[in-house]
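*Asks:* Could you build all of it, start to finish, from the sequences and the hints given here?
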Amino acid sequence: MAPPAMMMFCTSLGMGTVLATSSYHWLIAWIGLEINTLSILPLMTKKPHPRAIEAATKYFLTQAAASALMLFSCLTNALQVGEWNIDTPANAANTPLSIALMMKLGLAPLHFWLPEVLQGISLSTGLILSTWQKIPPMTLLFQISYDINLNLVVILSIASILIGGWGGIGQTQLRKIMAFSSIGHLGWIILVLKFSPQLSLFSFTLYIIMTTAMFLSLITLSSTKMSQVATSWTKNPAMTATTMLILLSLAGLPPLTGFLPKMLITLELIKQNMIIFATLAMLASLLALFFYLRLTYIITLTLPPNTHSSLTTWRTATKPYLTSSIINTLALILLPLAPTIYFM
Numbered sequence: 032m033a034p035p036a037m038m039m040f041c042t043s044l045g046m047g048t049v050l051a052t053s054s055y056h057w058l059i060a061w062i063g064l065e066i067n068t069l070s071i072l073p074l075m076t077k078k079p080h081p082r083a084i085e086a087a088t089k090y091f092l093t094q095a096a097a098s099a100l101m102l103f104s105c106l107t108n109a110l111q112v113g114e115w116n117i118d119t120p121a122n123a124a125n126t127p128l129s130i131a132l133m134m135k136l137g138l139a140p141l142h143f144w145l146p147e148v149l150q151g152i153s154l155s156t157g158l159i160l161s162t163w164q165k166i167p168p169m170t171l172l173f174q175i176s177y178d179i180n181l182n183l184v185v186i187l188s189i190a191s192i193l194i195g196g197w198g199g200i201g202q203t204q205l206r207k208i209m210a211f212s213s214i215g216h217l218g219w220i221i222l223v224l225k226f227s228p229q230l231s232l233f234s235f236t237l238y239i240i241m242t243t244a245m246f247l248s249l250i251t252l253s254s255t256k257m258s259q260v261a262t263s264w265t266k267n268p269a270m271t272a273t274t275m276l277i278l279l280s281l282a283g284l285p286p287l288t289g290f291l292p293k294m295l296i297t298l299e300l301i302k303q304n305m306i307i308f309a310t311l312a313m314l315a316s317l318l319a320l321f322f323y324l325r326l327t328y329i330i331t332l333t334l335p336p337n338t339h340s341s342l343t344t345w346r347t348a349t350k351p352y353l354t355s356s357i358i359n360t361l362a363l364i365l366l367p368l369a370p371t372i373y374f375m
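Here the sequence shown stands for residues 32 to 375, where the numbers follow our numbering.
Quick caveat, the hints were computed from the structure, so don't treat them as lab data. For clarity, every value in this text was computed on a predicted model and none was experimentally measured. We treat Cβ as the ideally placed atom computed from N, Cα and C, and that holds for glycine. A few of these clues could be false.
With a cut-off of at most 25 Å between alpha-carbon atoms, the simulated BS3-like pairs for lysine-lysine come out as follows [as the list claims (entries may be wrong)]:
#	residue 1	residue 2
1	256	225
2	207	266
3	89	77
4	77	256
5	302	256
6	225	207
7	207	78
8	256	78
9	225	302
10	266	256
11	89	207
12	207	302
13	256	89
14	77	207
Distance windows between CB atoms, simulated [as the list claims (entries may be wrong)]:
#	residue 1	residue 2	range
15	140	265	39 to 49 Å
16	155	265	22 to 32 Å
17	265	166	35 to 45 Å
18	163	186	26 to 36 Å
19	78	302	43 to 53 Å
20	306	46	42 to 52 Å
21	368	99	38 to 48 Å
22	265	182	43 to 53 Å
23	313	34	39 to 49 Å
24	163	253	18 to 28 Å
*Replies:* See below:
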């Protein structure tokens, strides 16, 4: 893709996100989401492979259906209330509006498009889809969190945590594993949305940091399958070790960053007398923990046979990147901030 075209699409992507997140009017927010969707489609198909074309088509059809449902809900709300403001209670139109935004995020049971789309695109575009594209619909959900249906949120979040762990168990493709990981993490974020939007926002920020770190590590290692990442130890030992720690952080093991949102969300649910749902969420997370540990074992505890005759191990000439180093550090050592954040 030509650099001017790439710059134009990336600028449109940023402009659509800013428009959707900073708007107080439902129609302007809907326009921002549409600009966002249409801007990433050329990035998905910059390599004209049949899988990329298929992924872009599935993404477009899913987002178009969610946008149509969202616009219908906004029109119904405007007819009932007489206003287009986002902070106006949506009454009967609130449930379909929430479902439309959750469909854009890829929450279960509206998640079927996400693993297939991520599998068909490159790692760099997958990074954008898993992080940047989640910001506008999640921001709109934060803005209507006071009026959201609690039963809908709890059912979809528990289902997302369960399917996010269950779907990733038998996968060997790293992009599909990251897709199911995204579904599971978004389930945790949505679970506490009604009670503490600030905690949901904080958890969403940590999700973006950890997912970005994982994708940057996979891009550096040029790995899209388990068999590729299993042979990366001799080429880049430091990055492979960091990738293992990031996987454990995504699994939510202490003392890494990923333990922090799960701990705070569980404490908030217990405080709200929702002990059963907190227990269900933690038990469902054990499924995700299994495939994270399985991938960690493949990366670090199995070494490929080395039959070369050279005295020193051959490695690729990789440079330490500042952005990747900062993101990887944040994805691992933010747990000591827990007391400060919890008592704020």
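*Asks:* Decide, hint by hint, whether the structure agrees.
*Replies:* Now for the hints, and whether the structure bears them out:
A threshold of 25 Å between alpha carbons decides the hint, and for residue 256 with residue 225 the separation of about 37 Å lies outside it, so the pair is violated. Proposed proximity of residue 207 and residue 266 is supported: the alpha carbons are some 24 Å apart, at most 25 Å. This hinted pair checks out: residue 89 and residue 77 have alpha carbons roughly 16 Å apart, not beyond 25 Å. In summary, the hint linking residue 77 to residue 256 is supported, as the alpha carbons are separated by about 21 Å, within the 25 Å threshold.
Pair hint residue 302 plus residue 256 does not hold up; C-alpha atoms about 41 Å apart against a cutoff of 25 Å. At most 25 Å may separate the alpha-carbon atoms for a hinted pair to count; residue 225 and residue 207 exceed this at roughly 29 Å. The straight-line distance between the Cα atoms of residue 207 and residue 78 is roughly 19 Å, inside the 25 Å bound, and the hint therefore holds. A C-alpha spacing of about 19 Å is found between residue 256 and residue 78, which places the hinted pair at or below 25 Å, so the restraint holds.
For the suggested pair residue 225 and residue 302, the alpha carbons sit about 13 Å apart, so the restraint of at most 25 Å is met. A C-alpha spacing of about 16 Å is found between residue 266 and residue 256, which places the hinted pair at or below 25 Å, so the restraint holds. Note on residue 89 and residue 207: the hinted pairing holds, with a Cα-Cα distance of about 15 Å set against a maximum of 25 Å. Note on residue 207 and residue 302: the hinted pairing is violated, with a Cα-Cα distance of about 35 Å set against a maximum of 25 Å.
Only pairs whose Cα atoms come within 25 Å are accepted, and residue 256 paired with residue 89 is accepted, the gap being roughly 22 Å. Pair hint residue 77 plus residue 207 holds up; C-alpha atoms about 20 Å apart against a cutoff of 25 Å. Range check, residue 140 to residue 265: Cβ separation about 42 Å, and the 39 to 49 Å hint holds. A hinted range of 22 to 32 Å for the beta carbons of residue 155 and residue 265 is consistent with their spacing of about 25 Å.
At about 38 Å, the beta-carbon gap between residue 265 and residue 166 stays in the expected band of 35 to 45 Å. Roughly 28 Å separates the CB atoms of residue 163 and residue 186, a value that falls within the hinted 26 to 36 Å. About 49 Å separates the C-beta atoms of residue 78 and residue 302, a value consistent with the hinted range of 43 to 53 Å. Between residue 306 and residue 46 the CB atoms are about 44 Å apart, so this pair conforms to the stated range of 42 to 52 Å.
Roughly 41 Å separates the CB atoms of residue 368 and residue 99, a value that falls within the hinted 38 to 48 Å. At about 52 Å, the beta-carbon gap between residue 265 and residue 182 stays in the expected band of 43 to 53 Å. As the Cβ distance of residue 313 to residue 34 is approximately 48 Å, the hint placing it in 39 to 49 Å holds. As the Cβ distance of residue 163 to residue 253 is approximately 22 Å, the hint placing it in 18 to 28 Å holds.
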